[in-house]
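Undergrad: Sequence:
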Amino acid sequence: MKRSFIVGLVATLAVAAPAGAQCGAAPVTVRQGCQASADLVAYMTPQLATAIAGGSSTLGQSGSLGGFGHFAVSIRGTGVLDGGFPQIGKGGFRQDGQPQAYNVKDQVIPGVGLDASFGLFRGLSLGATRIGGLDALVSALYMPNLASDGDDFTVKAAAGNLKLGYGVRVGILDETLVTPGVHLSYLERDLPAVTLAGTTGGGAGDTFALNDFTVKTAAWRVVAAKSFFVFGLQAGLGQDTYKGSAGIAVSVAGAQASGNAAVEMTRNNMFVGLSMNLLAFRLVGELGQVSGGSFPALVNSFSKPADGSRVYGSVGLRLAY
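With this note's numbering applied, the sequence shown corresponds to residues 838 to 1158, in that order.
Honestly, the hints are just simulated from the structure, not real lab data.
Certain hints may be false.
As the list claims (entries may be wrong) - Pair by pair, the computed Cβ-Cβ distance ranges are:
1) M1113 - L999: 27 to 33 Å
2) G906 - L1116: 16 to 22 Å
3) F908 - K1141: 48 to 54 Å
4) M1107 - G928: 35 to 41 Å
5) L1074 - L1001: 24 to 30 Å
6) V1015 - G1145: 38 to 44 Å
7) F1118 - N998: 23 to 29 Å
8) L1021 - V941: 32 to 38 Å
9) V865 - L918: 21 to 27 Å
What the hints assert, rightly or not - Derived pair list, reagent style BS3-like, types lysine-lysine, alpha-carbon separation capped at 30 Å:
10) K1053 - K927
11) K1080 - K1141
12) K927 - K993
13) K1063 - K1141
14) K993 - K1063
15) K1063 - K927
16) K1141 - K993
17) K1141 - K927
18) K942 - K993
19) K1080 - K942
20) K1053 - K942
21) K942 - K927
22) K993 - K1080
23) K1080 - K1053
24) K1141 - K942
C-beta atoms are modelled at their ideal positions from N, C-alpha and C, and glycine is treated no differently.
Based on the provided sequences and hints, a complete structural model is requested.
TA: Structural data, given as structure tokens:
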């Protein structure tokens, strides 16, 4: 695997760690390295979380599935299309404790997952439609162990490479020939806990590590969808909550600092989708945006605003019975 791909992916992962590390008590020479790691967490957490949470809980789903014996499985790829990550590894950290200005490289922030849903309750009859159908939701996210050429960066799963998420969907209105399907869902998706270690460039030899860091997301959605023979349309809105936590360890010019960091924020989410039936499968694409929320203050400056809205896209295949 090429170095550029691994370094980019690892930098993307590093973002998952949290902000808010207590760096003020650290030695001056290592203080900026500690704060840069905390700012990196704050900057990237919402982007990586958006790539995990995406838009709808199950691609191309309108109302509930229809009770026991019905299920749907989809594999999806989601990317934050206007994402970016700070280049804190391009040179050494300042040793006077003062803030630094970091360039932000434009980068699609990727996420890949498998979603499954299982019918539990068909719902109550209401004329030509039904209300109150209930489905169970399960998601799976896999994170491999990675290393760049020369081992400048390594990422290792702390407690297994696979992480499962769980949720529930309630059918507000099942789809009919003349009315759309509408449902409400709640789903938690998390990254596997990993440990990331890196060495800065520029001959400085400074190191930083994000130990046992996790990113947790919780999202609720209201989605309306309508099929038109081969094609289908859907639109949804909701809200996402992102939480991250990690231990930070930094070494600069022989001085060391360690501590814990955490970040939490809530953002609004809206999206539209288009689907096409392909015999047994349905091809689905979504385009959405996250915005708003309270963003933690950053000590360092970045060439691209950290608190701006982000556009994401998802594409996947859905199989339903």
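Undergrad: Against the earlier hints, flag every one the structure doesn't satisfy and list their numbers going up.
TA: 3, 9, 13, 14, 15
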